[in-house]
Structure formats: C-alpha cells, structure tokens
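Peer 1: Sequential numbering of the sequence shown, starting at 1, is according to my numbering.
If you are wondering where the hints come from, they were derived from the structure by calculation, not from laboratory data.
Just so you know, not all the hints are guaranteed correct.
[Stated by the list, open to error] Derived Cβ-Cβ restraints for the label pairs, each shown as a range:
#1 G48 / A175: 18 to 24 Å
#2 R206 / P316: 23 to 29 Å
#3 L334 / A59: 40 to 46 Å
#4 K314 / D86: 49 to 55 Å
Note that the structure is a prediction, hence the values are computed from the model and not measured.
C-beta: ideal position from N, C-alpha, C; glycine also.
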Amino acid sequence: MGSPGDGDGATADSSDAPDSSDAPDGSDAPDGSDEPSEVAVAVDRWGGELATAVESALAGRSGVVAVGVPLGLLPPVLAARRRTDDAEPWRIACRPGAVDALARAFVLGTDVAEAVADGSLELRTPADDGASGDLLKADAAARSLAFATPDRVDAVAGPRADRALLSETGDATAAAAHRAATARFEAATPATVEMPSRTRLLAAAREVLDDRFADDLAAVLDALDYGAVGRTVAPADRTLLVALAARHDHLFRDLRRWVDGAGGEGGEGDGAGGEGTEGDDAEGDADRVAIAPGQELTADRRALVERELIESIKVPMGAGRPKLRLRAVDEVLLRARPSEVLSVLRGRFALPLDGDGTLRRGPDGEGRRPVWDR
Numbered sequence: 001m002g003s004p005g006d007g008d009g010a011t012a013d014s015s016d017a018p019d020s021s022d023a024p025d026g027s028d029a030p031d032g033s034d035e036p037s038e039v040a041v042a043v044d045r046w047g048g049e050l051a052t053a054v055e056s057a058l059a060g061r062s063g064v065v066a067v068g069v070p071l072g073l074l075p076p077v078l079a080a081r082r083r084t085d086d087a088e089p090w091r092i093a094c095r096p097g098a099v100d101a102l103a104r105a106f107v108l109g110t111d112v113a114e115a116v117a118d119g120s121l122e123l124r125t126p127a128d129d130g131a132s133g134d135l136l137k138a139d140a141a142a143r144s145l146a147f148a149t150p151d152r153v154d155a156v157a158g159p160r161a162d163r164a165l166l167s168e169t170g171d172a173t174a175a176a177a178h179r180a181a182t183a184r185f186e187a188a189t190p191a192t193v194e195m196p197s198r199t200r201l202l203a204a205a206r207e208v209l210d211d212r213f214a215d216d217l218a219a220v221l222d223a224l225d226y227g228a229v230g231r232t233v234a235p236a237d238r239t240l241l242v243a244l245a246a247r248h249d250h251l252f253r254d255l256r257r258w259v260d261g262a263g264g265e266g267g268e269g270d271g272a273g274g275e276g277t278e279g280d281d282a283e284g285d286a287d288r289v290a291i292a293p294g295q296e297l298t299a300d301r302r303a304l305v306e307r308e309l310i311e312s313i314k315v316p317m318g319a320g321r322p323k324l325r326l327r328a329v330d331e332v333l334l335r336a337r338p339s340e341v342l343s344v345l346r347g348r349f350a351l352p353l354d355g356d357g358t359l360r361r362g363p364d365g366e367g368r369r370p371v372w373d374r
C-alpha cells in the first residue's frame, strides 16, 4: 500500500467519483417530501460494515491523521474518538462540501462542533480548487481516503457497492503514509463548523428560554439518529424547535433570538396573515447560537399552525405591537415524550392539506386525524 494521495491507487475505488451527499445544498426550506435527510443519505452510502470497520480500526489509536473523510464517515470517527484517551486532537481533513453540510445537520453538526470545541478533533477542508489548473485532479486528491498513525495506515478500496478497509503496518510504509497524510492535512484550510456545540446550545437555551425547553432539547439530541432530521425535508430541524418551544408556551421572539446568531431582524408575523409583527431587541449575540436565520422560523410556525399542532397567540407586552406566544394545542404533541416529538410531527405532516392550507376534513368533520386523537 502506497502513501495516501500519491496516485498509486491505494484508494483507487469508485468512491473517488463525486459524492453528491457532501455537496452543499442551496435550499433553505423544507420541501415537504419524504426523502431522507442529507446526512441520512451520506450515512447510508458510507455506513454498514465499512463504518464499523473504521470505528474499530481507529479506536484506541493516538495521533490519528485522516484525509479525504466524507460526511458519512464522520459518525464512526466521532465514536472512535470517544473511545480513545488521546491528549492531542485527531486531525481530520474532510472531503469538499462535508463541513458545509454540517451547517444543515442539526444532530451531527452540534456533535462534531462539540468535539472541535473540547479539542478532540481539528477539522480542515481542501483549499480552493480554483487555484489548481486541473480541477478534476485536485478533487480526486481531496477525496482519496486514508487514516494514518506513525505505525499504521488504513485506506478504503473496492467498488462503491463493496468497499473494504485495508490496513498495513510496518515502519517504512506506515511512516511514509503518515507523512503524506500529514502533508495533505497541513495543506488544507482550517474549517469552522457552522453549528454551535451542544454544550453552548443547551446553555444558551437555559439562558434565553428555560430549563424545561433545554431538558427537552437534550433528550431529543440524545435520542435522534444523526440523519433523523435535516434542513430541507419536512418536518425540518427548525420545525422541531418551534414545536418544542410551543410545548412550553414560549414567545416566538425569544425562540428566534436564541436560534439566530446574527440577531434576526424583521417582523415575526405572517404579513398578510396579520398575526402581528415585532422587531428583535437590540441585544448582544452571546446567548445566540446561530442554528439558522430567525426569519426562517416563520414558515415552520405557519406549517405547525396549519396542521393544528400549535397556535400563535397575540400577547400585549408593554409598548409596541403584540408579541406572539407559541402554544401547543394538540394533545398527542403535549403528551409525547421529548424523544417522540419528531414522530408526532411526521405523522401530522404526512396528512394532506386542503387548498387553503388547512388539514383536509372528511364528511364527518373529523378529517384524517389518528383515531386516538379523535
């Protein structure tokens, strides 16, 4: 086995072809489809026996340098890192688009951000391919996948449908592979995960909202698989946050202030819907976590109201226009354990809407609500 990325075919498999699961997705709103999330697609592509082999191969090793890591292999890397007592961070150079995707991956993104914040991982991403005269060659080099330590190198080989992790030990080979991987990592650009760490996320939730909301959110994050909820598939991560806030009667303004790391300007009403508007208070950003622009929560709030899961109540609060208080009105949503909230939302979002955006009703007026709800 040659050094990773030296063109000798050490990772010469079809996985070097462009991986759409790591490519940025420009969509900002859930499309209402039942397609899997971006992370779920990536985990499915790289999971199974290969992910198990990667976790097993890396656990307990110190000084890991990984290059060409796709989004779908970040979960086993995280799992292996948790099983390893290593004072130094593991250096991970991801494939193009993988770190960008973490900004849209609420569960995985906050977990990776936590590992970066506590010094367990150091992330990098390939330098701008535009600086290279051969974009295809640069992209293939960035995708060549290997995990190296001074005494061992592991690389992926085989066709996409039958990938395998090949390992080689030995002073000369492993040392050369480790040097090559280190050089590739150092040539990459330091990357920032555009998601807050879980510690910061929950601390800000307790500060801006309350302990009940933060406890619910912690339970949700612990229960959900990495690919369970995304940004572009309804119900999205933002929808889940609005529903959790409504279970505790929080002000929509406070939820937006917590979610929006930039301070979120603009009204919180529906415009033509006339539910009231208000601007966010001009406060500092220390308690804001930058999950998503606060304005984007309005569409998720509307969707929950249309499906009769929550309501928005105008509440006079001092001078200015009324504030909107979120309140859960669906008994199933209210009774659900935090870990069950996403399933409740999925069940309701699967029901059809009439042309006016309300839940479709049957001739008896009961619609298609679950029998236990009726």
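Peer 1: Determine for every hint whether it applies to the structure shown.
Peer 2: Comparing the hints with the structure gives:
1. G48 / A175: 18 to 24 Å: Since the Cβ atoms of G48 and A175 sit about 31 Å apart, the hinted range of 18 to 24 Å is violated.
2. R206 / P316: 23 to 29 Å: holds (27 Å)
3. L334 / A59: 40 to 46 Å: holds (42 Å)
4. K314 / D86: 49 to 55 Å: For D86 against K314, whose Cβ atoms are near 54 Å apart, the range 49 to 55 Å holds.
Going through the hint list in order, the structure does not satisfy hint 1, though it satisfies all others.
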